[in-house]
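Protein chains: 2
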Amino acid sequence: MQISSCVSHDVGRESSLSVDLQRLWSRLMDMAEIGEIPGNGCRRLALSQDDLDGRELFLAWCENRGFRTSFDKVGNLFVRRPGTQADAMPVAVGSHLDTQPNGGRFDGVLGVLAGFEVLETLEDRGIETKAPIDVVVWTNEEGTRFAPAMMGSGVHTGALSLPTVLATSDAEGVTVSSELAKHGYSQGLPPGCQRIGRYLELHIEQGPILEEKDKVIGSVSGGQAIRWYDLSILGEETHAGPSSMASRRDPVPALSRVIDTVFNLTRMDDAARATIGRIQTHPGSVNVVPGQISASIDLRHPDDAMLSRMHDRLLQGAREVGAAFTLLDVSVECTWHSPAVAFDVDMGRVVRLSAERRGYPAMEMVSGAGHDAFNLARIVPTTMIFVPCRDGISHNEREYAAPEHCAAGANVLLDAVLHYACSTDDPR
Amino acid sequence: MQISSCVSHDVGRESSLSVDLQRLWSRLMDMAEIGEIPGNGCRRLALSQDDLDGRELFLAWCENRGFRTSFDKVGNLFVRRPGTQADAMPVAVGSHLDTQPNGGRFDGVLGVLAGFEVLETLEDRGIETKAPIDVVVWTNEEGTRFAPAMMGSGVHTGALSLPTVLATSDAEGVTVSSELAKHGYSQGLPPGCQRIGRYLELHIEQGPILEEKDKVIGSVSGGQAIRWYDLSILGEETHAGPSSMASRRDPVPALSRVIDTVFNLTRMDDAARATIGRIQTHPGSVNVVPGQISASIDLRHPDDAMLSRMHDRLLQGAREVGAAFTLLDVSVECTWHSPAVAFDVDMGRVVRLSAERRGYPAMEMVSGAGHDAFNLARIVPTTMIFVPCRDGISHNEREYAAPEHCAAGANVLLDAVLHYACSTDDPR
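Chains A and B, in that order, are what the protein sequence lines are. Everything in the first sequence is counted per this note's numbering, starting at 1 for the first residue and increasing by one. Everything in the second sequence is counted per this note's numbering, starting at 1001 for the first residue and increasing by one.
Hints listed in this document are in silico derivations from the structure and should not be mistaken for laboratory results. Glycine included, every Cβ here is placed at the ideal spot set by N, Cα and C. Please note that the accuracy of each hint is not assured.
Stated by the list, open to error - Have a look at the derived ranges for each label pair, beta carbon to beta carbon: (1) B:1247 <-> A:232: 56 to 62 Å; (2) A:178 <-> B:1195: 39 to 45 Å; (3) A:303 <-> B:1390: 25 to 31 Å; (4) A:312 <-> B:1312: 29 to 35 Å; (5) B:1057 <-> A:193: 57 to 63 Å; (6) B:1178 <-> A:193: 52 to 58 Å; (7) A:171 <-> B:1335: 34 to 40 Å.
Said to hold, decoys possible - Each computed SDA-like pair below joins lysine to any residue, with the alpha-carbon atoms no more than 20 Å apart: (8) B:1215 <-> A:213; (9) B:1213 <-> A:215; (10) A:213 <-> B:1247; (11) A:213 <-> B:1213; (12) A:215 <-> B:1244.
Isolated chain A (complex conformation) (with noise of 0.2 Å):
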């Protein structure tokens, strides 16, 4: 085999240089089978044992390799593959290894296990890059134990505080803090220590498009803008027999008024997306009146201006049901706000350019979902190569992603990946 120093790395035309599809395969059935749920689904919390254990197991493949690895404060971790020149800014490639409570063994997996395939690959065919290449673990991707989401390369880019989120708890009231310091993460680097010179993030789409249009390879020219809320209806807790309906301050009518008023706002754009995902009532019992209601709301839209439309008719609406329902004390607060995202023009041209000469159909498309990419969009040239997923299913037990599209993925970024890393144009 040859050792070669690429000086410049033709996109796609070393038609020799690909991935390892089985051992990339095998990697992301090892993985899922930690905190492996029924129905072929994972169950990785963020800062869970079992994403702990998921975390260990990468670690411990990675140092197989002889790969060095670190990690900061927020339990960002840090594979590293080193570049010939001193100075050059690291590529970096990466995704998430937490989960959705019922989450699937794709999502996140697929961008960090094919990051470490593309090192694997240079490494077998011994080729050194200029730049370093470091794939990136960030931490709490999905937000469910602990909001917001993307919440480490949230802390990286500086969207997001270390002490606020250090302060963060869970329904438990166990903090992000406290996990942190379990697992040895307080004894990291800063955040943000770790420079990147460009970042790129395989993902499955969680979408149809692909599947609809029979495409392999999608280039994200960038992402939704997002706003989370906390819905709260406070009435008053009664036994559900006596007192009469209209002596009853009871939030559940209103709870029906608002989640009316949610989804008529998907009726202002066709791209406009709202999701009621928690719904609680409390104290949650057949004959009790519930007390409080709390949910969540989630809003979506490419555009900022059409989201901010919307996110004012949401609070226009919540004001028209608690002036309805005058015994209730209805509240929307907006607890997380993500604005659109537009991704690397010449960054996309080149992941286009590689699924095209490796003859995989491809389409430029935007994120539906939110990305660690999005936080670093913020700071460095950064995009996405999406790759299809069955029935467009994701956040389940059933999402699935066709091993020779995992595969796909992973050829393309590893193009991608070349491309910069050999190149010596620093994007700063």
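Following the hints, put chain B in place on chain A, whose structure we already have.
Just chain B now, kept in the frame of chain A:
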């Protein structure tokens, strides 16, 4: 002090014979310390350790007074003060010590401790009765940890089968059977062996009527018919961002229609009651379209025929929602039905006579809530005595009954118990 063996007790005439308000109140407050929650509430879920601790405290009080205690295989407790007439059927008074998740200090507890106060008052005064007097603590009246409600009295009266009840499990999968075995109740008497001649139950009203009408005693003529339902709306879990609104199988918009259907049922009649106490989205994550919603529905009406019409209308409404949302599976299943109950007419007369002679403003009323007395009424002459609770609030930490109202109820209970325990007529 005179030892009297009452031949026939002249209801309410022995004004000198009254319960000890201070003792009754201090016992209520002592019991409230077990499973105490913020805001003066109590949380003693059926057959939990807190429930067991409450029962142990009560049994210790009874045994210290020298009363014989026994229990059956479903955990019902019986405390006996013997009578002089060997074959006389016991007059039983009772209620429950388990509470709602956020329960108060009086619901159920007042009936049990007032019954014990009656025994102690007779003991203090050395008054013998022909019939034995039993104080009964029924297992799992609330039905929030293990459904259905009124479980112990249901098994005692044959309304529920012991094997079915034993196999029932809570949300964590813990069975009634295992909890009973853990606390030693599986060694108890076969349910129903402890025979009862008549049954009286003192309880807070759990509604606003007595307070509104400025009455101290409610003579309960019967109880509402009650039906419980499990609602399930099955959709498909997917990511909150990418998939188009049209392609989603989101159960939440359908929930809004079901809520409207349920509350519209109360327009059929002023006496109709509808409650949706529990709503849960699964998996309940902010950025996941729920795959399923489960909820509870509680319908009540004093008239069986009208409740049946509400039942039919509910099922019809659910079918219509299912037809309108073809991508979802909407199901409503009736899990429990307690027909309307008529209490014993003569016992109601005795209750009102006692109140009148003691100068307590009284009225006849229907019970909005379900009670163990509903089960007993199906096998023996039964009645209930209500006292006011502040603002009609119950199943809530703020639940409160004034000491003088608790004592008034206990005095009427004392009169009625004495009347039947001293008379020789056997109800059967």
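Here is what the structure says about each hint:
no., hint, in the structure
1, B:1247 <-> A:232: 56 to 62 Å, "violated (30 Å)"
2, A:178 <-> B:1195: 39 to 45 Å, "violated (57 Å)"
3, A:303 <-> B:1390: 25 to 31 Å, "violated (54 Å)"
4, A:312 <-> B:1312: 29 to 35 Å, "violated (43 Å)"
5, B:1057 <-> A:193: 57 to 63 Å, "holds (59 Å)"
6, B:1178 <-> A:193: 52 to 58 Å, "holds (53 Å)"
7, A:171 <-> B:1335: 34 to 40 Å, "violated (28 Å)"
8, B:1215 <-> A:213, "violated (73 Å)"
9, B:1213 <-> A:215, "violated (73 Å)"
10, A:213 <-> B:1247, "holds (15 Å)"
11, A:213 <-> B:1213, "violated (70 Å)"
12, A:215 <-> B:1244, "holds (18 Å)"
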